[in-house]
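S.K.: Sequence:
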Amino acid sequence: MAKSPLIAALVASAFCASAAMADQCGPTRGRPGQFDYYLLSLSWAPSYCATPSGRQNRQECGPGTDYGMVVHGLWPQFTNGQWPQCCQAVAPLTPSPTIDKLSRIMIGSSLMEHEWEKHGSCVTTRQDAYFGSIGQVVAKLGLAPTLSAKGITTIKVSELKRHWSLPAPSITTRCKGKRLGEIHICLDLKLDPIACPAAEIEADNCPGSVALH
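Sequence positions in the sequence shown follow our numbering and run 1 to 213.
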């Protein structure tokens, strides 16, 4: 039976949306809801803002901004160190109270759109559910605001991790040289902290002390 013009148009529209997502997001890998744990990725803004790409990001690094620890994303992960991504086409990000509230700690609509398409698509099709989970976790764990105190230029990684009241195996770090880049916190599927898998611990590349500013 021939398709009606309306159905044909809808199918074409869906195909184009899926193709556009694939172009922007990357190759599809994995299936929605099939992963082992979550990784909460927190970014240290002063280090990011010192990079060429950061200096072009006026929302996070422009005049008058003074961010410390901010949210990069909540990533579904596999214990072998791999991850699913771009699992399904999702609706474009739309304004909502959840998105508005989170935008104070997850800076920039382009970042949120990217995280939604690449990582959120492997968790749910409901954007408020995905971003609501991020807000819930951050409200519980915090963003270590005292790290932004003036005068603190370097810190031992062991002391850095104590800014979160979590067992040390739940937290790993990422550095660019001696500068702190990111904090990673491992969470189970109920968003409770767990010991990070061996692959995540082995990827921790920070020296004993790191530069903050």
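Think of the hints as simulated: they come from the structure by calculation, not from any bench.
Hints are not guaranteed to be accurate.
[To be verified] In silico DSS-like links for lysine-lysine, alpha-carbon gap of 25 Å or less:
#1 K176 with K118
#2 K178 with K140
#3 K156 with K101
#4 K176 with K101
#5 K178 with K190
#6 K150 with K178
#7 K118 with K101
#8 K156 with K176
#9 K176 with K190
#10 K176 with K161
#11 K190 with K150
#12 K161 with K190
#13 K178 with K156
S.K.: Evaluate each hint against the coordinates.
M.R.: Now the hints, each set against the structure:
1. Between the alpha carbons of K176 and K118 the distance comes to roughly 23 Å, so the proposed pair stays at or under 25 Å and holds.
2. The hinted pair formed by K178 and K140 fails the criterion: a straight-line CA distance of about 29 Å is larger than 25 Å.
3. For the hint linking K156 to K101, the alpha-carbon distance of about 32 Å lies beyond 25 Å, and the restraint is violated.
4. The suggested pairing of K176 with K101 is violated, with an alpha-carbon distance near 30 Å, which exceeds 25 Å.
5. The straight-line distance between the Cα atoms of K178 and K190 is roughly 34 Å, outside the 25 Å bound, and the hint therefore fails.
6. Note on K150 and K178: the hinted pairing holds, with a Cα-Cα distance of about 19 Å set against a maximum of 25 Å.
7. Our distance criterion of 25 Å between C-alpha atoms is met by K118 and K101, whose separation comes to about 21 Å.
8. Between K156 and K176 the alpha-carbon distance is near 15 Å, which keeps this suggested pair within the 25 Å criterion.
9. Distance check on the hinted pair: K176 and K190 sit about 31 Å apart at the alpha-carbon level, beyond 25 Å; violated.
10. Of the supplied pair hints, the one linking K176 and K161 holds, its CA atoms being roughly 17 Å apart against a limit of 25 Å.
11. Taken as a hint, the K190 and K150 pair is broken in the structure, with Cα atoms around 36 Å apart against an allowance of 25 Å.
12. Among the hinted pairs, K161 with K190 is consistent with the structure: their alpha-carbon atoms are about 22 Å apart, no more than 25 Å.
13. Taken as a hint, the K178 and K156 pair is honoured in the structure, with Cα atoms around 11 Å apart against an allowance of 25 Å.
Consistency with the previously given hints fails for numbers 2, 3, 4, 5, 9, 11, ordered from lowest to highest.
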